[in-house]
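Residue numbers (our numbering), protein chains in the order written: chain V, 1 to 155; chain P, 156 to 780.
One or more hints might be untrue.
Said to hold, decoys possible - Here are the simulated distance ranges between beta carbons:
| # | chain 1 | residue 1 | chain 2 | residue 2 | range |
| --- | --- | --- | --- | --- | --- |
| 1 | V | R65 | P | E504 | 45 to 55 Å |
| 2 | V | K60 | P | S239 | 47 to 57 Å |
| 3 | P | R521 | V | T54 | 35 to 45 Å |
| 4 | V | E130 | P | E332 | 29 to 39 Å |
| 5 | V | D102 | P | R403 | 24 to 34 Å |
| 6 | P | E504 | V | M55 | 52 to 62 Å |
| 7 | P | D349 | V | R65 | 21 to 31 Å |
The hints are simulated quantities; they were obtained by calculation from the structure and are not laboratory data. Ideal placement from N, C-alpha and C gives every residue a C-beta, glycine not left out.
These are the residues of each chain, in order.
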Amino acid sequence: MTTPPLAGAPGGAPSACPLCGFVYVPGGDSCKERGCPIAFGGCATWHCPRCGYTMPDEEKSAAARLVRRLFTRRPRPAGPRTLVDLATGTSAVVERLSGEPDLLARLTAQGLAPGVEVHLLQRAPTFVIEVGETTIAVERRVAEGVELHAEPGRP
Amino acid sequence: MSATAIATGDIGSEAGVRPAAPRRIVLLGNPNVGKSALFNALTGLRATVSNYPGTTVEIYRGRLAGGEAEVVDSPGLNSILPMSEDERVTWDLVQSVKGQEGSVVLQVADAKNLRRALLLTLQLGQLEVPTVLVLNMADEAEARGIRLDLAGLEQALGVPVRAAVATRGTGVGAIREALPDARAPRNHLPLPADIAVPALDLLAGRKVAPDAPANLLSRYHEALLAHADVITRRFATDAEPAGSAVSRRLGRLAIHPLWGWPILAAVLWVLYEVVGVFGAGTLVDLVEKGLFHGYVNPWAVALFSHVPGAFVRDLFAGEYGLVTMGLSYGLAIVLPIVAVFFTAFALLEDSGYLPRLAVMSDRVFRLMGLNGKAVLPMILGLGCDTMATLTTRILPTRKERVIATLLLALGIPCSAQLGVVLAMLAVVPASAAAIWFAAVAGVMVTVGWLAARLLPGERGEFVVELPPMRLPALSNVLAKTVARVEWYLKEALPLFLVGTFVLFALDRLHLLGVITRVGEPVVTGVLGLPREASAAFLIGFLRRDFAATRLFDMSRHGGLDVTQLVVAMVTITLFIPCIANVFIIAKERGLKTAAAMVGFIFPVAFAMGGLVRLLMHALGYGGAP
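Okay, chain V solo, but in the shape it has when bound:
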């Protein structure tokens, strides 16, 4: 059975139909024009204009949005390179430490200070770093305050 193509709404991101491969822009008022009874209440699906294959409209599902959010990496705030950006198993030289004065006093007393090389061992359940012969576990909040030299250290 062939369905007459549905007109896509202008401005949306084009999507490829998983069945026939037709590239189209989903959405639009065409359903309403074709007299679909639930189109007025907000249909949660879209159809391929060529073959009629039905896809869920993820934007209209709260659950789908949550899953998407869980799986997308948060856009990194544009800022200095920190311990959080360091790949696990690599090293870099500390440029600057930021945070509360008490925290900084503690970190420096443990040997973590500008100019020293840190090696990132793991990032979960907490960040674990090696500074010389010292191994320190810190939470993400602390790791974000350890700014690194721009050039990557030796692996």
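Start from chain V and add chain P according to the hints.
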């Protein structure tokens, strides 16, 4: 060994007379550098443990083997500037050395980590404290390919420097010979101008000028580290990155996002097997049934049967007798359990696992407004909630301290109580034991979660140093265990006797029956326990473990069915902590907070007990509803 033969001291001989041997030696150093091992090697294991005046910090003191000098072991620290309670104690000790003729500091360093040790040495230099520097674990450094120039270091620092392997006693003789030559480390450190004066003020304990920079401490440490770095590069070669493969791998696995969990489960399981099954089961049976029921109690009954007057006889050997109940509970049931627990705990401490446990549990504690560091007071609470309440001082913010104190008082059973609970749970089906655990853990997480949201304030950052995993030294474990058992006997046994006497007195005055009747609606009505259990809860105000022991005794004589057992255990685990703990909570957090906590915990414990009773009936466990 060659390292110790170097430099038998041109320092100190300039005047031609050999200075007198010191009378007081304070050990000082970073954490996990083998201070305790060296302390034991110097004193020959004859140590006494005590709290430093006004603190919870344990200080070990002893006499130099074959000498007169007093040896004091201070808590490990990273900077002499006091930031925590531990560090304040050490700072105090250092100040006392400075002002006292014949006192010296013996700084113990990890030979592999000279840089961090020198940060302390340079501070000692600024304080002008007579010092001898020991590079401990020289064997490990050698294995890692680190070569140390001891003579060069001596020249640069101006203090005697000796290498040692304290666990094997190597180099201890050379250290003792070097003690009279102790000198203040050389002090011409170029500090940035704006921090030089305030840093010295801090070191000396003077008020710091208000215009000092906000990040004074970290900038001061950075300057010291830079200098330490120069010295380290000159006199020590870099380490090869290997290290002990097994210890390193185990240390990594213990904090692995995946494998860390089975390891954690295995550690808890072993702890349960050792403390619950072996300690509370086998050992208690041996001592209680064998020794006390077999010999001591009949002997006491026989002895006091010659005494005229039923009063004295009952006081010592009756149902609530000081010997037959007080001593029998304190020595036969609780002592074997705490002795085993303290041994297991000392093994855990010395293995380096505890900080790794903090890493694994960080997430869970964050849910409760705390961070992974709070696992240390919680684990300590399994030893004694009172001591653990004091250690909540290590938590940086007031909010965290209040939450940790509440959780300790609410849900963490102390060693004696835990042992008794484990022993009781050993006779019920595993599913019933799981209900106990789920009920207690559920209450704790819920209360913690609510408290984290309701209490104002912030949570501190999680920063924990991970020492390498090590095989604990038997002598350290034994010394620690014995010291703790002694402290436990001194503190708990008298209270057990007082508790027994209170019961005895109430019984004599026919008040016990009145209390039992008053408590009946709750104890029998809500919890479904026999009315005699009222007496146990009453005595729970004095000590929770005493109450648990009373219930344990009842169940062993067939007085409780499965449901009653679990209900009793849930209620007594959540019950208000012992009187000592309430006092400490009042002292540490204020009377109002303490009263609020008791007022909160009391109904929660009984409500939860009643809830568990309903749940277990619904699930079809035995016992009349």
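Here is how each hint holds up against the structure:
1. R65/V - E504/P: 45 to 55 Å: holds, 48 Å
2. K60/V - S239/P: 47 to 57 Å: holds, 54 Å
3. R521/P - T54/V: 35 to 45 Å: Given about 43 Å between the Cβ atoms, the range holds.
4. E130/V - E332/P: 29 to 39 Å: holds, 36 Å
5. D102/V - R403/P: 24 to 34 Å: holds, 31 Å
6. E504/P - M55/V: 52 to 62 Å: holds, 59 Å
7. D349/P - R65/V: 21 to 31 Å: violated, 52 Å
Checked against the numbered hints above, the structure breaks only hint 7 and satisfies the rest.
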